[in-house]
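Asker: Sequence:
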Amino acid sequence: MQDGKEKVREIVKSAGYCHMATCVEGQPRVRPMKFVITEDFKFWCTTVNISGKVKELTDNARVELCWVDKQGTHLRVEGIADMSGGVEKKRKLLELHPGAKGLFSDENDPKLVHVEVIPTNVRWKDHSFGEYNIVPVE
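Its first residue numbered 16, the sequence shown is counted upward by one per residue in the numbering used here.
It should be emphasised that the hints constitute simulated quantities derived from the structure, not laboratory data. For every residue, glycine included, the Cβ atom is placed at its ideal position computed from N, Cα and C. Honestly, I wouldn't trust all of these hints.
[Said to hold, decoys possible] The calculated DSS-like cross-link candidates involving lysine-lysine, where the alpha carbons are at most 30 Å apart (straight line), are:
{"#": "1", "residue 1": "K126", "residue 2": "K57"}
{"#": "2", "residue 1": "K49", "residue 2": "K140"}
{"#": "3", "residue 1": "K70", "residue 2": "K57"}
{"#": "4", "residue 1": "K126", "residue 2": "K22"}
{"#": "5", "residue 1": "K104", "residue 2": "K116"}
{"#": "6", "residue 1": "K70", "residue 2": "K126"}
{"#": "7", "residue 1": "K49", "residue 2": "K116"}
{"#": "8", "residue 1": "K20", "residue 2": "K140"}
{"#": "9", "residue 1": "K116", "residue 2": "K22"}
[What the hints assert, rightly or not] Label-pair ranges, simulated between beta-carbon atoms:
{"#": "10", "residue 1": "D18", "residue 2": "I65", "range": "36 to 42 Å"}
{"#": "11", "residue 1": "K107", "residue 2": "E40", "range": "20 to 26 Å"}
{"#": "12", "residue 1": "F144", "residue 2": "R106", "range": "39 to 45 Å"}
Please take these sequences and the hints and turn them into a complete structure.
Answerer: Set out below in structure tokens:
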């Protein structure tokens with residue numbers, strides 16, 4: 016039987032993009048994002064320093080990420096976003112997320128913001144109406 020975290024990695028890889036939800040004054044804001052998973056089960060993505068989501072995440076760091084793969088399997092990750100990653104995390108992020116390399120000159124690019132989502136609740140299920148499979152985050 017497949018480990019829960021391995022299933023999460025499989026869904027993220029097969030689905031590609033996810034939708035990240037933030038909340039601004041009670042109004043949900045959802046946008047497509049490309050995340051990668053670190054070895055220690057954190058979810059990382061890039062954004063630019065002028066993006067509206069930088070202010071949104073500064074004001075309210077709680078987010079939810081949602082992936083759906085071609086088979087209809089979906090993954091939901093609730094977590095807390097942290098944008099304090101320094102040069103080393105930015106360098107590692109650009110290694111893990113090759114598609115972002117064309118957007119930024121390197122890890123010292125002042126436009127590059129490293130977003131790390133620390134999961135608080137992770138669950139997935141197949142395309143049925145069944146219950147979610149809870150994945151321990153520790």
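Asker: Indicate, hint by hint, whether the structure satisfies it.
Answerer: The hints, checked one at a time:
no. : hint                      : result
1   : K126 <-> K57              : holds (22 Å)
2   : K49 <-> K140              : holds (20 Å)
3   : K70 <-> K57               : holds (21 Å)
4   : K126 <-> K22              : violated (33 Å)
5   : K104 <-> K116             : holds (14 Å)
6   : K70 <-> K126              : holds (14 Å)
7   : K49 <-> K116              : holds (13 Å)
8   : K20 <-> K140              : holds (13 Å)
9   : K116 <-> K22              : holds (27 Å)
10  : D18 <-> I65: 36 to 42 Å   : holds (39 Å)
11  : K107 <-> E40: 20 to 26 Å  : violated (34 Å)
12  : F144 <-> R106: 39 to 45 Å : holds (43 Å)
Taken one by one, the earlier hints fail for this structure at numbers 4 and 11, listed in ascending order.
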